[in-house]
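**Q** Starting from the given sequences, assemble the full structure and let the hints guide the process.
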Amino acid sequence: MNRFKIRVEVRFKEGVLDPQGETIKNALVNLGYTGVSAVSTAKLFILELAADTEDQALQRAEEMAAKLLANPVIERYSVGPQK
Amino acid sequence: MIYGIVVFPGSNCDYDAYQAIKSAGLGQAKYLWHDAADLGDCDLVILPGGFSYGDYLRAGAIARFSPIMRAVTRFAALGGPVIGICNGFQILLEAGLLPGAMRRNSGLRFICKDVYLKAENRDSIFTRGIPADKALRMPIAHAEGNYYGDAETLNDLKAKGRVAFRYCNSDGVIDSDSNPNGSVDNIAGIINDAGNVLGLMPHPERACDALLGSTDGRLIFESIGKAG
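Those sequence lines, one after another, are chains A and B. If you're matching positions, the first sequence starts at 1 in the numbering used here and goes up one per residue. If you're matching positions, the second sequence starts at 1 in the numbering used here and goes up one per residue.
Hints are computed from structural coordinates only; laboratory data are not their basis. Note that this is a predicted model, so its numbers are computed, not measured. Glycine included, every Cβ here is placed at the ideal spot set by N, Cα and C. Hints may contain errors.
Think about it this way: if two alpha-carbon atoms lie no more than 30 Å apart in a straight line, the pair counts; the simulated DSS-like pairs of lysine-lysine are [what the hints assert, rightly or not]: (1) B:Lys160 <-> B:Lys226; (2) A:Lys83 <-> A:Lys5; (3) B:Lys158 <-> A:Lys13; (4) A:Lys43 <-> A:Lys25; (5) B:Lys22 <-> B:Lys158; (6) A:Lys67 <-> B:Lys158; (7) A:Lys13 <-> B:Lys22; (8) A:Lys25 <-> B:Lys113; (9) B:Lys134 <-> B:Lys158; (10) A:Lys25 <-> A:Lys13; (11) A:Lys67 <-> A:Lys5; (12) B:Lys134 <-> B:Lys113; (13) B:Lys160 <-> A:Lys67; (14) A:Lys83 <-> A:Lys67; (15) B:Lys158 <-> B:Lys30.
Stretch by stretch, here's where chain B covers chain A in the computed footprint (C-beta under 8 Å, at least three residues) [what the hints assert, rightly or not]: (16) 19-31; (17) 65-75.
**A** Right, here's the structure in full:
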C-alpha cells in the first residue's frame with residue numbers, strides 16, 4: 001500500500017444560488033473592485049489515504065465525494081491528485 | 001400512540017418535542033438513541049431540531065448515516081409516519097427520504113422568530129385537522145432553511161399536492177415579504193409521495209403551550225391522532 005494525497009473540490013451546481021458568493025461579491029464591489037461580476041464559493045477537502053495505485057486512490061475519493069462530501073442535488077465535485 | 005424522538009449528538013429540541021407530546025396529552029413519548037438498531041414499539045418517529053454532529057460538512061449530512069436512520073428508513077418504507085423538524089427535515093433531505101436540499105438562508109443570518117404558515121395540502125395525516133385559511137403561528141430557528149428543488153422536483157411536488165406548508169403573512173397571504181429565508185415558492189414543509197413522511201423547518205413543538213405564545217403546533221400533532 002502507498003499513501004496518496006487527493007483533493008476533492010465541491011461547488012454549487014450551475015444555477016443554484018450561492019448566497020455567500022453573492023454577499024462576498026457585493027463586499028468586493030463596495031471596496032472598489034468594481035470589475036468583479038461574480039464570486040462562487042467552494043469547499044476543498046484534502047484526503048490522505050492508502051491505496052495500491054494513484055488511480056485506485058482517486059477512485060475511492062470519487063466514491064467518498066458522491067456518498068458524503070457533496071450533495072448531488074445542489075453540488076458538483078471534482079477529484080484530482082494534490083500536488 | 002407512542003412517539004419515538006430520536007436523539008442525535010447535538011440534537012437540542014428533543015426535550016421540547018417530548019414535553020409537547022406529554023403536555024398536549026397526545027400520547028406517550030420515548031427517546032430513541034442515535035445508535036439504536038430498531039425503533040422498539042414506536043408508532044411515529046420524530047427527528048427533532050438541533051445541530052446534529054455540529055452541522056459539520058452540511059446540516060444533516062452526517063446524521064443520515066447514524067445506525068438508527070437505517071431503522072427509520074425501513075419504518076418509513078413500510079408506511080410508518082415520520083416527522084422531521086428543522087434539523088430533522090435537513091436529515092430527511094440528506095437521507096433522500098424527501099426530495100430537494102437546503103442552502104444557507106438568503107440573508108446569510110441565523111433567523112429565530114415567529115412566522116406564519118399556511119397548510120397547502122389538508123388531506124395528509126399531518127394536516128387534515130388544520131382549518132382552511134388558518135395562518136399557523138410558530139417559530140423558526142435556523143441558518144440553513146432556504147429550500148431548493150430543481151424544476152422537475154418542484155413540478156412534481158406541486159402536481160401531487162406534496163407541498164405541505166408555505167410561509168405566509170398573518171392574514172394567510174403567501175407573498176415574498178413573508179419568506180424568511182429565500183425558499184423557492186415560500187416552501188416551509190413538504191411530504192413524500194406516499195404521504196407518511198413530513199419535513200418542515202418551523203417548530204410546531206415550540207408552539208404547543210399558550211405560555212409560549214401559540215398553540216397552533218398542536219394542530220399538526222392532533223391531525224395525526226385523528227382517524228382518516
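**Q** If a hint holds in the structure, say so; if it does not, say that too.
**A** To see whether the hints hold, each was checked on the structure:
| no. | hint | result |
| --- | --- | --- |
| 1 | B:Lys160 <-> B:Lys226 | holds, 22 Å |
| 2 | A:Lys83 <-> A:Lys5 | holds, 8 Å |
| 3 | B:Lys158 <-> A:Lys13 | holds, 23 Å |
| 4 | A:Lys43 <-> A:Lys25 | holds, 17 Å |
| 5 | B:Lys22 <-> B:Lys158 | violated, 34 Å |
| 6 | A:Lys67 <-> B:Lys158 | holds, 28 Å |
| 7 | A:Lys13 <-> B:Lys22 | violated, 44 Å |
| 8 | A:Lys25 <-> B:Lys113 | holds, 28 Å |
| 9 | B:Lys134 <-> B:Lys158 | holds, 20 Å |
| 10 | A:Lys25 <-> A:Lys13 | holds, 18 Å |
| 11 | A:Lys67 <-> A:Lys5 | holds, 19 Å |
| 12 | B:Lys134 <-> B:Lys113 | holds, 19 Å |
| 13 | B:Lys160 <-> A:Lys67 | holds, 29 Å |
| 14 | A:Lys83 <-> A:Lys67 | holds, 24 Å |
| 15 | B:Lys158 <-> B:Lys30 | violated, 34 Å |
| 16 | 19-31 | holds (count 3) |
| 17 | 65-75 | holds (count 5) |
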